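K.L.:
The listed protein sequences correspond, in order, to chains A and B. Each residue of the first sequence is one higher than the one before, counting from 3 in this note's numbering. Each residue of the second sequence is one higher than the one before, counting from 3 in this note's numbering.
Some hints here could point you the wrong way.
With a Cα cut of at most 27 Å, we get these calculated DSS-like pairs of lysine-lysine [stated by the list, open to error]:
| no. | chain 1 | residue 1 | chain 2 | residue 2 |
| --- | --- | --- | --- | --- |
| 1 | B | Lys596 | A | Lys831 |
| 2 | B | Lys596 | A | Lys404 |
| 3 | A | Lys596 | B | Lys404 |
| 4 | B | Lys760 | A | Lys199 |
| 5 | B | Lys730 | B | Lys677 |
| 6 | A | Lys612 | B | Lys199 |
| 7 | A | Lys66 | B | Lys199 |
| 8 | A | Lys609 | B | Lys195 |
| 9 | A | Lys831 | B | Lys760 |
| 10 | A | Lys609 | B | Lys199 |
| 11 | A | Lys760 | B | Lys543 |
| 12 | B | Lys831 | A | Lys612 |
| 13 | A | Lys831 | B | Lys612 |
These aren't lab readings, by the way, just hints derived from the structure by calculation. As the structure is a prediction and not an experimental result, all values here were calculated from the model.
2 protein chains.
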Amino acid sequence: MARGKKRRYVYFFGGGKAEGKAGMKALLGGKGANLAEMTSLGLPVPPGFTISTQACAEYYEAGKRWPVGLKAEVDRALERLEKVTKKTFGYGDNPLLVSVRSGAAVSMPGMMDTVLNLGLNSATLEALIRKTGNERFAWDAFRRFIQMFGDVVMGVEHEAFEHCLDGVKEEAGVKLDTDLGVEDLKKVVARYKALYKRHTGEVFPEDPRIQLEKAISAVFGSWNNPRAIRYRELNDIRGLLGTAVNVQTMVFGNMGDRSGTGVCFTRNPSTGENKFYGEFLMNAQGEDVVAGIRTPEPIEALKKVMPAAYKKLYQIRGILEKHYKDMQDIEFTIEDGALYMLQTRTGKRTAAAAVKIAVDMVKERLIDRKTALLRINPNDLDQLLHPQFDPRALKAAKPITKGLPASPGAATGQLVFSAEAAEKAAAKGKDVILCRIETSPEDIGGMDAARGILTARGGMTSHAAVVARGMGKCCVAGAGTLRIDYKARKMSVEGRAFREGDWISLDGSTGFVYAGKIDTVDPKLSGNFATIMKWADQYRKLGVRTNADTPHDTEVAVKFGAEGIGLCRTEHMFFEGRRITSFRRLILVADTVKRLEAELAAEEDPKRRKAIAAELRGPRKQYDRALRELLPLQRRDFEGIFAALKGRPCTIRLLDPPLHEFLPHDVAGQREMAKAMGVTPEEIRRRVEELAEFNPMLGHRGCRLGLTFPEVSEMQVRAIIEAAANCKKKRIPVKPEIMIPLVGNVAELRLARERAEKVIARVLKERGLTKKQLPYLIGTMIEVPRAAVTADQIATEAEFFSFGTNDLTQMGCGFSRDDAGRFLGEYVKLGIYEYDPFQVLDTEGVGRLIETAVRLGRGVRKGLKLGICGEHGGEPRSIAFAHKVGLTYVSCSPFRVPIARLAAAHAALRES
Amino acid sequence: MARGKKRRYVYFFGGGKAEGKAGMKALLGGKGANLAEMTSLGLPVPPGFTISTQACAEYYEAGKRWPVGLKAEVDRALERLEKVTKKTFGYGDNPLLVSVRSGAAVSMPGMMDTVLNLGLNSATLEALIRKTGNERFAWDAFRRFIQMFGDVVMGVEHEAFEHCLDGVKEEAGVKLDTDLGVEDLKKVVARYKALYKRHTGEVFPEDPRIQLEKAISAVFGSWNNPRAIRYRELNDIRGLLGTAVNVQTMVFGNMGDRSGTGVCFTRNPSTGENKFYGEFLMNAQGEDVVAGIRTPEPIEALKKVMPAAYKKLYQIRGILEKHYKDMQDIEFTIEDGALYMLQTRTGKRTAAAAVKIAVDMVKERLIDRKTALLRINPNDLDQLLHPQFDPRALKAAKPITKGLPASPGAATGQLVFSAEAAEKAAAKGKDVILCRIETSPEDIGGMDAARGILTARGGMTSHAAVVARGMGKCCVAGAGTLRIDYKARKMSVEGRAFREGDWISLDGSTGFVYAGKIDTVDPKLSGNFATIMKWADQYRKLGVRTNADTPHDTEVAVKFGAEGIGLCRTEHMFFEGRRITSFRRLILVADTVKRLEAELAAEEDPKRRKAIAAELRGPRKQYDRALRELLPLQRRDFEGIFAALKGRPCTIRLLDPPLHEFLPHDVAGQREMAKAMGVTPEEIRRRVEELAEFNPMLGHRGCRLGLTFPEVSEMQVRAIIEAAANCKKKRIPVKPEIMIPLVGNVAELRLARERAEKVIARVLKERGLTKKQLPYLIGTMIEVPRAAVTADQIATEAEFFSFGTNDLTQMGCGFSRDDAGRFLGEYVKLGIYEYDPFQVLDTEGVGRLIETAVRLGRGVRKGLKLGICGEHGGEPRSIAFAHKVGLTYVSCSPFRVPIARLAAAHAALRES
């Protein structure tokens with residue numbers, strides 16, 4: 003608070019003038035700012051005043067006391083209101099009644115309800131009767147006021163009032179509130195007052211100034227009630243001062259047949275169609291519309307009922323859209339034929355509507371393309387990219403349980419409980435939903451075959467969730483009430499059983515699970531959507547690539563506008579039937595081969611050399627055989643992906659996960675593997691134990707594997723280059739980029755690179771090609787903090803960097819992604835991290851590592867190609883950071899490519 | 003190689019002049035450089051020449067071919083040698099015979115053996131006979147030459163020659179080589195030549211120039227034989243060009259009774275006593291002394307046998323010490339009364355000798371204090387700080403097995419197989435050795451009670467090793483041949499059984515395990531040792547603190563010169579009997595308490611609030627009770643430590659490890675705990691499983707625990723401040739420094755600090771003290787990479803930083819310390835890391851994180867106190883880095899404090 007300068011708490015509006023305006027939302031709340039703006043526009047707004055959010059903040063600072071000066075300002079504003087309305091507050095023939103409403107800068111439905119009709123007491127009640135000539139209306143207004151005030155301001159239970167009302171209705175022998183007569187209502191008022199006294203220990207206040215003071219304090223207090231706090235948490239609302247309080251002259255939509263009230267959107271918020279949309283109720287107050295006792299009529303009907311009011315309203319619709327240049331959500335009341343505007347705000351809309359409205363408004367020259375792009379929340383596009391339930395079909399459905407909305411979209415299919423069953427059923431053309439307690443890498447095939455995935459355990463970053471999002475496949479994870487019985491092939495939810503083959507439907511955007519079949523509708527990517535994407539591409543500077551491991555994913559991503567693959571993980575390719583057997587055979591003997599080779603190299607004694615060589619022969623043969631089997635399979639994978647890319651660049655990461663991830667950890671799986679390998683299950687178990695690690699995240703994986711088992715990397719590099727050569731022969735252009743994972747030290751990269759280049763030279767020679775004819779790059783992930791801080795050294799050996807932000811976050815922050823759930827939620831609550839750093843890139847910390855790497859890397863290699871390939875690559879805030887630090891591209895799962903394109907455009911537009 | 007300038011490969015010495023000098027070790031090897039130096043000093047050195055290490059390097063570069071020009075240089079040097087010696091090579095009446103020896107810059111006993119008598123052939127043999135008049139000597143020289151040449155140069159198996167020789171001895175009916183007559187020796191020569199041809203396919207070369215060429219190539223080749231490579235690996239020898247080759251005129255110690263040979267040290271290398279020390283053999287060549295067939299006599303005896311030669315030798319001893327200003331290890335030969343010097347080099351010595359010699363030489367004004375300090379390898383001091391076996395007692399002992407030398411020192415005691423048994427026996431005054439398959443935190447008490455620790459599993463960084471080093475207690479770890487049977491309370495080694503109570507002895511410096519009792523001698527820390535330490539303290543700039551968790555460790559460290567505690571881990575204190583029960587009780591209910599408290603806070607409904615509060619009551623009571631029990635115990639711990647510190651500062655780290663480390667993971671332990679807690683074992687098992695983490699290293703630990711369970715931190719802070727207040731009352735000065743572990747984000751520290759300060763304010767108020775009267779600091783560990791790169795933010799809340807280099811290495815490099823063994827060995831071999839980064843700080847990578855943190859931290863808080871408290875704090879190379887980047891202190895285990903003091907002095911001296 004600037005010293006000497008008096009702070010102002012109250013902003014008046016009325017009589018065509020206002021002290022506030024639309025731009026003052028932070029101070030006046032959304033409602034208050036827009037009431038002021040509409041007043042200045044000359045629209046018929048009932049006069050009133052807004053108490054600022056600053057006053058609310060100071061109320062809390064002062065230990066829940068009104069800040070000094072507020073009382074006086076409120077009094078002055080009331081005086082002014084009396085003058086403008088020619089009414090008097092609490093006395094006189096034309097009594098001033100007001101509404102009191104909360105209104106923060108961001109809409110928060112969880113906060114305080116409205117208090118209407120404040121200012122009524124025995125004296126003003128009589129005046130109101132005289133003035134309106136409607137005794138019943140006046141007594142009804144009074145009983146409504148006592149009830150709202152008691153409930154909302156004083157915390158008297160709502161049910162107690164309802165109980166009281168029901169009693170009178172019973173005594174009167176009527177069913178509806180509206181059937182009560184004046185005498186009945188007088189009885190209600192008397193009983194309400196008694197109820198009020200019983201519950202609060204005070205007499206109901208007759209003095210309207212005390213009523214107003216208590217109501218304002220209650221609004222302040224509502225800012226920090228548990229519901230409001232929770233709402234802010236859930237909706238990620240931060241940095242607000244508090245709530246404003248709007249005190250506004252009452253207008254009555256329930257004053258008779260020439261009165262009414264309604265809510266409208268200036269365009270259709272569901273489809274975006276440029277057509278006035280909304281509904282109204284005659285002879286009703288706002289809460290009657292919401293309560294749903296009477297069915298409102300569509301807004302067009304008003305044209306017939308009250309043509310003048312409709313015409314005026316329709317005009318105002320046009321004025322507001324031209325003024326705000328956006329679709330508006332408005333509230334109005336008609337009192338005895340006169341139209342009053344009670345609210346306007348930017349209307350919420352579906353993603354489809356957002357896209358259509360943005361494109362239409364550009365066509366209508368209301369806004370320019372930049373504004374249109376910025377109007378669309380990139381994350382909302384997700385709705386448009388996945389199948390959705392047909393809204394009509396959904397109406398009839400009731401969810402049987404709810405899990406986490408782990409991967410968006412809707413799916414319907416027949417239940418299966420194993421990956422194998424999913425693949426078999428899918429092969430027969432069936433739509434299936436794969437239901438597992440949790441998934442593991444062995445389930446990939448089944449997940450791919452299923453329409454949707456349902457798990458009983460695991461969070462938003464569980465295997466099922468991550469893989470499903472990567473596949474763009476609907477997934478509901480961690481539905482804790484499910485009981486799954488693999489043996490019996492059934493699941494039950496609260497006693498209700500479902501068996502294999504039963505139809506079930508999942509909504510991965512909400513987490514709801516439904517019994518039965520629900521029709522879905524496919525997304526349309528043409529028309530306005532395509533226009534928005536085209537505009538986004540005009541403005542964005544960041545490239546957008548995709549993380550894809552299969553030709554199918556690649557095709558989807560290219561359709562979504564991916565400019566290449568930023569991360570092709572080769573490990574998923576190892577999990578298919580035959581190859582997993584080959585690879586497991588290799589794993590079984592790998593350490594033995596390496597140990598014996600080392601012994602052989604160190605041994606000088608010829609006799610002992612011979613013995614070692616003999617011992618080595620068998621395992622070595624198995625090792626080589628496995629590699630020989632894997633080579634053509636990998637090559638075919640890459641050929642398919644290259645073909646789908648049609649010449650776009652493809653970053654392929656060499657094998658990354660630790661070997662134990664490829665072995666079965668359950669007894670049955672081990673027994674099966676033992677049979678396939680011709681060894682004892684005991685031997686498999688021992689090998690699994692040998693490979694177990696205390697902290698696998700920091701263990702023997704990435705290039706560490708490639709350096710200790712170079713033949714595996716060499717096989718992969720050969721497969722990549724042979725595939726490229728084969729494509730070239732078929733005149734399919736290719737741009738392979740070989741990526742060495744988990745490098746922390748330039749020497750690792752140097753070695754891995756040298757070995758790769760030897761293989762490449764050999765393949766090129768075999769195919770009679772030169773390096774110029776088949777250009778390729780070799781680069782690395784930057785995911786180990788050491789790599790980031792020594793990026794100047796690493797850049798001497800790397801032709802590109804790709805930031806693996808998942809692992810960089812794990813190591814940089816010291817968080818195990820699999821374990822951090824235990825405290826990260828609390829950390830975000832405590833404000834230690836603004837967002838979960840696995841969802842939104844921690845730009846303050848991990849971001850510094852990235853910035854360092856960018857600076858050091860580009861310092862030694864100008865124009866070094868830089869990308870992000872963690873899951874952050876598809877998250878708008880993280881994309882803005884990538885833009886800011888000058889990365890070349892982001893890479894994300896296929897279904898997030900459009901989101902990334904728009905987010906990249908946002909970043910570029912916000913910068914300028 | 004500079005263009006145009008001809009490189010020189012050969013350096014001549016002889017006739018009082020030399021082309022080389024002592025400073026040219028890198029180029030001429032140690033032996034060659036010192037032969038040149040001695041020649042220039044006018045000492046009687048047989049003339050010769052040295053082929054440089056550069057020639058060796060170029061030999062390899064050229065694919066094992068002599069570099070151009072080397073041949074011509076060797077020929078010219080031979081001509082010059084002929085002139086100086088007035089002998090001729092390969093012909094004539096006075097034939098020139100030479101020795102050929104390898105000699106790298108660093109002594110490498112694993113490399114090529116010597117070839118003597120090179121130049122002999124049928125012609126020169128005759129001349130030698132004529133010249134010496136000693137036919138037997140000449141034939142013996144020839145057969146020795148063929149044997150050495152065949153074995154060393156041509157790779158003919160040594161045993162084949164010995165077999166041949168044995169045959170002739172048998173035929174002659176003699177037992178000793180010396181009993182063979184001339185005719186026998188002729189027969190030997192003939193058979194050797196045949197053997198040579200059979201094995202090499204070539205006739206033994208008569209041409210001495212071919213002999214010489216082959217010998218030189220063989221020396222070059224020996225540089226990269228597996229033995230030499232292995233030796234360099236094991237001894238951490240890097241960066242050398244190759245080996246030099248020394249070709250030197252032969253002198254014969256075996257020419258009769260006026261000839262002899264010997265090896266001396268200018269001072270006693272074992273004790274450091276300033277007394278000529280060595281031994282000699284008359285009528286013998288060098289290898290006879292080494293072979294040990296005849297017993298050499300002490301050097302004083304030479305005074306009687308050949309007084310003139312002795313006098314000359316004694317003079318030379320003085321000249322060499324004055325010249326080199328260090329103790330020398332010399333070799334000499336007396337040929338027919340004439341003394342020749344064949345080698346001088348800095349003598350290897352024990353740590354005790356190094357200390358005494360350094361101090362004595364300062365007293366003798368040979369060197370200054372700085373030089374004296376730099377002469378002592380800090381790591382060698384370790385020998386002086388632990389009990390050692392009495393060398394006389396050790397002579398009789400034979401090891402039964404060998405493990406890893408995990409923690410230095412010697413120990414003897416009676417076997418026990420459980421921590422409990424160790425504590426019981428120690429309480430009765432028995433010396434015990436605790437033998438376990440591996441140790442766990444529950445064994446701490448027993449480890450502390452034992453004289454030494456022996457484990458069958460685990461490496462140099464296993465629990466047993468790390469804890470034992472911390473305690474300064476002897477430990478042999480991972481003795482893989484041990485079979486331990488806990489039930490039967492016995493162990494067996496290759497069939498030999500040892501039972502509880504049997505005596506056993508461990509040498510933690512070598513890893514040897516002995517049966518029976520071996521007397522030990524205690525270290526002396528006074529006298530010269532104290533002098534060196536005093537001098538080190540004069541020069542060092544780094545402070546040296548210790549990592550200590552008990553009053554006893556603290557006392558030891560203070561005795562060793564620690565200036566405070568840099569890391570007091572509070573978790574070890576939780577493992578003692580009663581307190582582990584209290585803490586386990588807390589862990590059992592902790593999550594329930596937190597969950598219910600959160601529910602209660604969010605609940606509005608009064609009825610449901612009541613129900614939650616009721617549910618919370620029981621667990622909360624248990625939780626509070628545990629804290630109440632722990633408080634006085636912790637307080638007493640701190641009081642003891644503060645008292646031992648006598649006013650030195652004490653950095654206390656709040657609880658760090660994840661909770662599951664405190665729970666038993668075995669069935670028996672869980673059953674026992676269940677009984678103590680009054681719950682079912684199933685409940686314990688479930689809790690253990692709940693707390694299990696995929697990557698505990700990156701899990702719920704450090705300040706993350708403190709923030710989710712603030713009451714534990716608050717209890718610890720209270721214990722610290724109450725203990726400080728109690729000490730202050732007893733007039734013991736205290737400087738507590740509270741350290742918050744695992745901070746990655748300044749907000750974590752801010753919160754933890756605020757909470758701690760509230761507790762402190764409360765305690766101070768209770769005790770009627772002001773902050774000024776009881777000053778304390780609050781700071782943090784820097785061990786998460788994110789903390790290092792945001793150190794500017796963190797320093798706003800931290801009064802000191804302590805670098806936890808163990809964890810910073812784990813997270814910075816992405817290495818799990820427990821798992822990295824699988825590839826780190828290979829990484830060091832491949833040169834990816836110069837040293838194991840857990841042993842020697844990775845200054846290139848982790849060092850950059852530290853430098854960044856130092857720069858950022860001091861940037862916002864001038865004079866910020868900075869320390870290292872990882873195990874690197876006691877490692878000299880890492881200490882040098884700490885000095886370089888300007889840290890305030892290093893902290894290490896008590897027994898490494900003297901090492902750190904000396905290493906810190908080295909760092910300061912090397913800088914200036």
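K.L.:
Which numbered conditions among the earlier hints are violated in the structure presented, ordered from lowest to highest?
P.N.:
Violated: hints 4, 5, 7, 11.
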